[in-house]
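Visitor: Sequence:
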Amino acid sequence: MTVARPGLYVWVTWLAKLMAGEVQCHWAAYFRARYMGYAKAPSDFQAAAWMVAHNQCLDELCREYSEAAAVFREDQNQFRVTRKSGTVVSGKPDVIALDAGGGATVYDIKTGAPRHSDIIQVMLYMLMLPYGSPVYKGKKISGCVVYHDSRTPIPASAIDKEFQDRVTYFLNILEAQEPPRRTPSAAECRYCDLTRGDCPEKIEREDEREGGELPF
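Numbering (the UniProt record's numbering), first residue to last: 1 to 216.
A couple of the hints might just be wrong.
What the hints assert, rightly or not - Cβ pair distances, simulated, as ranges:
#, residue 1, residue 2, range
1, Arg83, Glu213, 48 to 56 Å
2, Ile173, Met1, 34 to 42 Å
3, Glu178, Gln76, 33 to 41 Å
4, Lys84, Met36, 16 to 24 Å
Stated by the list, open to error - With a straight-line Cα cutoff of 20 Å, these simulated EDC-like cross-link-like pairs (lysine to aspartate or glutamate) come out:
#, residue 1, residue 2
5, Lys17, Asp165
6, Lys202, Glu22
7, Lys110, Asp59
8, Lys17, Glu175
9, Lys137, Asp160
10, Lys140, Asp160
11, Lys40, Asp198
12, Lys84, Glu175
13, Lys40, Glu201
14, Lys92, Asp59
15, Lys17, Glu188
16, Lys84, Asp165
17, Lys140, Glu162
Don't read these hints as lab results, they were simulated from the structure. For each residue, glycine too, the CB sits at the ideal point set by N, CA and C.
Required output: the full structure, derived from the provided sequences and hints.
Guide: Set out below in structure tokens:
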């Protein structure tokens, strides 16, 4: 049952996709930030296949860094930080490895095609971890997006004031009193977990129309 959250709550993956422009419907993230317990569209076999591939990559990555000073995975890495406004931002990096020199590297595994949001997601982790856990306070934190056949490293220097200002801008959008306009599209609604019970404008597969013919 859909109920209001006690306060605004933002998951890092929602924010990353919003910042990357990969979701045009800001309303969906606005809704998720304010409500919980809502019915979700059922997942399919592709989601199960993704989970298996992701877990395999996670195990392989942890073995690769078994000689690191410390390695933390998934649930060990979940954090919550609170803005002055009261909004809670939470995330859960796949793997964090500490090195002997006192630095840390955040790894996030992606099994699909590379997206800009992959990098932004890791950058958000890098920005927020020092505020979410004393383990990372004062540490130099770098990042890395791990794909099936490649890796994209992210230097600690990427987390500068300009990036923080961008994060502030998009968090302010989600905190606005006036909800953004819904912008449903077949391409985006297909991957949205909200249902018509909460978003009556959602476009279902059966609503998709074939293109018309030009009269010339």
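Visitor: A separate judgement is required for each hint: does it hold in the structure or not?
Guide: We went through each hint and held it up to the structure:
no., hint, verdict
1, Arg83 - Glu213: 48 to 56 Å, "holds (52 Å)"
2, Ile173 - Met1: 34 to 42 Å, "violated (27 Å)"
3, Glu178 - Gln76: 33 to 41 Å, "holds (39 Å)"
4, Lys84 - Met36: 16 to 24 Å, "holds (23 Å)"
5, Lys17 - Asp165, "holds (17 Å)"
6, Lys202 - Glu22, "holds (17 Å)"
7, Lys110 - Asp59, "holds (14 Å)"
8, Lys17 - Glu175, "holds (17 Å)"
9, Lys137 - Asp160, "holds (16 Å)"
10, Lys140 - Asp160, "holds (13 Å)"
11, Lys40 - Asp198, "holds (10 Å)"
12, Lys84 - Glu175, "holds (12 Å)"
13, Lys40 - Glu201, "holds (15 Å)"
14, Lys92 - Asp59, "holds (16 Å)"
15, Lys17 - Glu188, "holds (12 Å)"
16, Lys84 - Asp165, "holds (15 Å)"
17, Lys140 - Glu162, "holds (18 Å)"
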